[in-house]
Amino acid sequence: MIVTVASGKGGTGKTTVAVNLALAVAGAAKAGQGNDRVTLLDCDVEEPNAHLFLKPLLERRREVGVLTPVIDETRCTHCRRCAEVCAFHALAVLGNQVLIFAELCHGCGSCTLNCPEGAIREELRTTGVVEEGRAGAINFVHGILNVGEAMALPVIREVKKNATEANGEGLVILDAPPGTSCPVVECLRGADYALMVTEPTPFGLHDLKLAVEVARDQLGLPVGVVVNRDGAGDDGVDDYCRKEGLPILLRIPLDRRIAEVCSDGVLLVSALPEYGSQLVALYQRIREKVGR
Amino acid sequence: MKQIVILSGKGGTGKTSIAAALAHLASQSARVVLADADVDAANLELVLAPTKRRVQDFKSGQVARVDPGICTGCGLCEAVCRFGALHPVSTDADDIGRYAVDPIACEGCAACTYQCPLEAISLEEELSGQWFLSDTRFGPLVHAHLFAAQENSGKLVTLVKQQARDLGLAQGTDYLLVDGPPGIGCPVIATCAGADLALLVTEPTVAAVHDLKRVLATTDHFRVPALVCMNKADLNEARAAEIERFCESLAIDVVGRIPYDTTVTNAMVVGKAITEFTDGCVSREVSRVWERVTEFISARSEY
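First to last, the protein sequences are chains A and B. Here numbering that gives the first Met the number 0 is used: the first residue of the first sequence is 0, the next is one more, and so on. Here numbering that gives the first Met the number 0 is used: the first residue of the second sequence is 0, the next is one more, and so on.
Excised from the complex, chain B in its bound form (with noise of 0.2 Å):
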């Protein structure tokens, strides 16, 4: 089973679309399992419509409680958080600072609880998330949701991946299509982890050439082979031709060229990857992008 994952930098370049449309074409002749990697804004599951079959928790990290019953207010937790999380907070009566902890600060290292000398303070396990495992008409799909202001989406990233592998090796499944996360951070990291390629979609302006070249530097850091597609092609030529010229001297591969073109948003707002929406020139192009990359991954596994 071979590990494509689809990355850029950037946000907004197309990963989603790109990897949807690359699911479909690939389910045509392949099989497939998918998993979506973006797991704080999972979007995906918008065009794969996914009927999920399985739903688990995802519990990583703690958050420090203060006891307000046993609370002084000696502020000596306060004096040793580093994250800012805890506040005296006013009480009744007794009009004592008593201390509370901030949830969306604390990032759970407990140093306030081996500080406070009444052990006021415990830990509670969080509940950061949860993950599905889900049909597609494509195949299956692994996805995530990160609720809104938690940390450690680089496991819960790991966490979708392993999933998603040990169910494609189990099927005997060709390809591991994973939709990755924008930046080049804790989560584009785990999900560069065991991949056997990353694709990075790019598009020609400054800020795209820009983040594309610390994605690649990533993606290099981790030795995982790259190939380059560029959406919106036809935007700006002296800038496609930048990154021509980039991805040349680097002997890496630009495998696509996907005009501008809405029909990318349309197929989208009617929950289809664009392949299946349209076979115009857009469409053509992306069925270019999967042969490509298809050949690439055979001629890399002749070695």
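Extracted from the complex, chain A is given alone in its bound form (with noise of 0.2 Å):
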């Protein structure tokens, strides 16, 4: 089962919860609660932050990115057939040179099948990296993109690829970006549950409000809600989630001492156990939802 951890507005505190989940649930499965293999992947490539809280070992590390595409110039004829076919710009053929722009490549491959002279191969540009390993019974996964490039999907993609290979086996957690467009999209496709973590604000409402129609209006997911600094701001989050009948299946209080825990890179469930039980429960309600 795939539960995605989004938010709308950023600093919500969705690796909070994403990661205190991942070890609530492997703690408990531990103790003997249900033998789940819980699998967390940080897919906010450009500003990961999960390990600084789970710590892992990391163990295999592999580059990514785009496939790009590499002239054989004794082959091309400068017909334009590349620059013509390709959407995004990123060939043009000048004379008898033909300049490609990578980083506005998104690796479609339509260039390289439609050259009729077959000139063109692809190679892969690396944009980012992504990285494996453990921590303690968690199995841990995370994407880094490389500082200077556009792209976050590329790399995204990759890291997702090993929620495929868990096979729906085990509890598959997965750590998304702020916002609502591309990037988060990619995170939310595939998922069987939308975990939105958000707080009760102006600013919280109107992005939740956003990253709920994608996920629910235009993927079709289950939805629940997690409000966290319950208590900062004010009930619009609450009428919110009443009217459109999203559960609220955790609220974690205003709290000085939470902030100061996580501002050391502590992990919530160590500070204050009593939330390992919340999300244990959090995460039977969200099995009991999608049928798993």
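Everything labelled a hint here was simulated from the structure, so no lab data went into it. All figures in this text were calculated on a predicted structure; none of them were measured in a lab. Careful: at least some of the hints might be erroneous.
What the hints assert, rightly or not - Here are a few chain A residues that face chain B, going by a calculated C-beta distance under 8 Å:
id : residue
1  : GLU45
2  : GLN96
3  : GLY108
4  : LEU112
5  : GLU116
6  : VAL146
7  : ALA149
8  : CYS181
9  : ARG188
10 : HIS205
11 : ASP206
12 : LEU209
13 : ALA258
14 : GLU259
Said to hold, decoys possible - Simulated crosslink set (DSS-like; lysine-lysine; CA at most 30 Å straight-line):
id : chain 1 : residue 1 : chain 2 : residue 2
15 : A       : LYS54     : A       : LYS160
16 : B       : LYS271    : A       : LYS160
17 : A       : LYS288    : A       : LYS242
18 : B       : LYS51     : A       : LYS242
19 : A       : LYS54     : B       : LYS212
20 : A       : LYS208    : B       : LYS51
Note that CB positions come from ideal geometry on N, CA and C, so glycine has one too.
Two chains, two frames, some hints: make the complex.
Below, the structure written as structure tokens:
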């Protein structure tokens, strides 16, 4: 079962919920309450933070990126077909030179397929890395986009491959980035459940609505909500969830102590063990909803 | 006109709250144009309460569409699609698995259109969002809404900034203040383009420190000078000191240390900028940030 933790708004506590959920479920499994294998995929490849809390022992590392064209000038007739078919203007033919704007390339392979001379082959242009390892009983994977690179999606897709490999076994928790555009959508696609972490403020509510629109209305996922910093703002989020029939599965109160714990990279379930059982209960409710 | 962009790396450090306050302060003694570059989760308008004067469609990219009347289900399109956007869907009587495009997965690369032997696939321009030119109590605001699940946020950011910049130059504006998005990817890179200064809002937490280093590497990569402002500065002394040391090692000034204070949230809830809502220590510290930002810009302008 894949649970994607998203939010819309940044800084609401996605990573906090994702890593602590992973630990709580893995801990319960160890204590004999179920035998779920737990995998955490940190897909916030622009600013991955989960490793700061879980401190995994990283065992494997691979470079990932975009397959970009390389022109064999001995075969190229400068017919311009590649530039014509490229939807992203990543190729231009000037005189006898083919210019490639690698940072615009989406790796679709269309130029390679359409070259009448077979003059194009593809090479991986590295834009990031994927690292895998273990944090205790938790299988850990994260992606890191190289600084200066624009496209997070190719790296996110590579991290997600580990979800496919887990083959629906156990619990896969996917920590998504903030926002509602394509990187977040990629994190929600194929998930079984969208767990939205929000804060009870106008900014939190505004962005939660956008995120719910993507997850529930466009992708058809069941959605549940965690309200973090409960008590901080107003009742807007609560009213919205009630109106929309979105279950609030956990409330974490506004508590400077919790902020201080997280600020040092300490796990909430270590410092405040009562959250462990609450997170296990949250997990059970998600399982019931998904039917696994 | 000087362009100041507000970034952070980590989400939720206080970019928009600080942007609104700086807009308030700046507007009291200078001409300001504002831009919200966080196009997929635009929050500045929740404080600025803009009156829209102009609404424009944003069209970017394309989506493929299979004509079910022509498709015979050969599957060549699916074989070439690298984004998992083509799937056979069951049909009515004749049971041929005709293909359909998943518009969310489709990147508009058009590879399928060239491969289809029957030319059954066409491309349609996508309406991805809207952008707006509005009036606010602090000055004009250019902002946008990227429709949910859309791509090309970088292009929309570029468009928003270009419009704001053109407006500012036409009106003899002193400052273009841009509320930026989190992260370091495409929308942040677009936000950096043409900026005179990046004000990086951070907080003394392990996550924010990690993310600050990456966003600073990004602003550096794109040659934008940076200043750092610490929000919730008294939350963790050790992490705050770590940020100070790190910034000092790179000769980057920390221009503000705003204390952890629920006033910031309270101001947001009533739709006011921090400096409109209160004149306590949080407000005074934000005023000091603005002073130091303007001093930095003046000093650099002399070269």
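Restraint outcome when ASP206/A is required to lie within 8 Å of chain B by C-beta distance: ASP206/A check passes; min Cβ-Cβ to chain B is 4 Å, inside 8 Å.
30 Å limit on alpha-carbon distance, applied to hinted pair LYS51/B and LYS242/A: holds (28 Å)
Please verify whether LYS288/A and LYS242/A have alpha carbons no more than 30 Å apart. Holds, at roughly 19 Å.
Min Cβ distance, LEU112/A to chain B: is it shorter than 8 Å? holds (6 Å)
With a cut-off of 8 Å on the beta carbons, see whether LEU209/A makes it to chain B. holds (6 Å)
For the restraint on ALA149/A, tell me whether the closest CB of chain B is nearer than 8 Å. At about 4 Å, which falls below the 8 Å cut-off, the nearest Cβ of chain B leaves the hint on ALA149/A intact, so it holds.
For the pair we were handed, LYS208/A and LYS51/B, check the Cα-Cα distance against 30 Å. holds (21 Å)
Pair hint outcome, LYS54/A versus LYS160/A [Cα-Cα no greater than 30 Å]: holds (22 Å)
When the nearest CB of chain B is found for HIS205/A, is that gap smaller than 8 Å? It holds, given that the least Cβ distance between HIS205/A and chain B is near 6 Å, below 8 Å.
Verify the interface restraint on CYS181/A: the C-beta must sit less than 8 Å from at least one C-beta of chain B. holds (5 Å)
Is the Cα-Cα distance between LYS271/B and LYS160/A 30 Å or less? violated (45 Å)
Hint check, GLN96/A versus chain B [nearest Cβ-Cβ separation less than 8 Å]: Result: violated, 23 Å to nearest chain B Cβ.
Hint violations for this structure: numbers 2, 5 and 16, all remaining hints satisfied.
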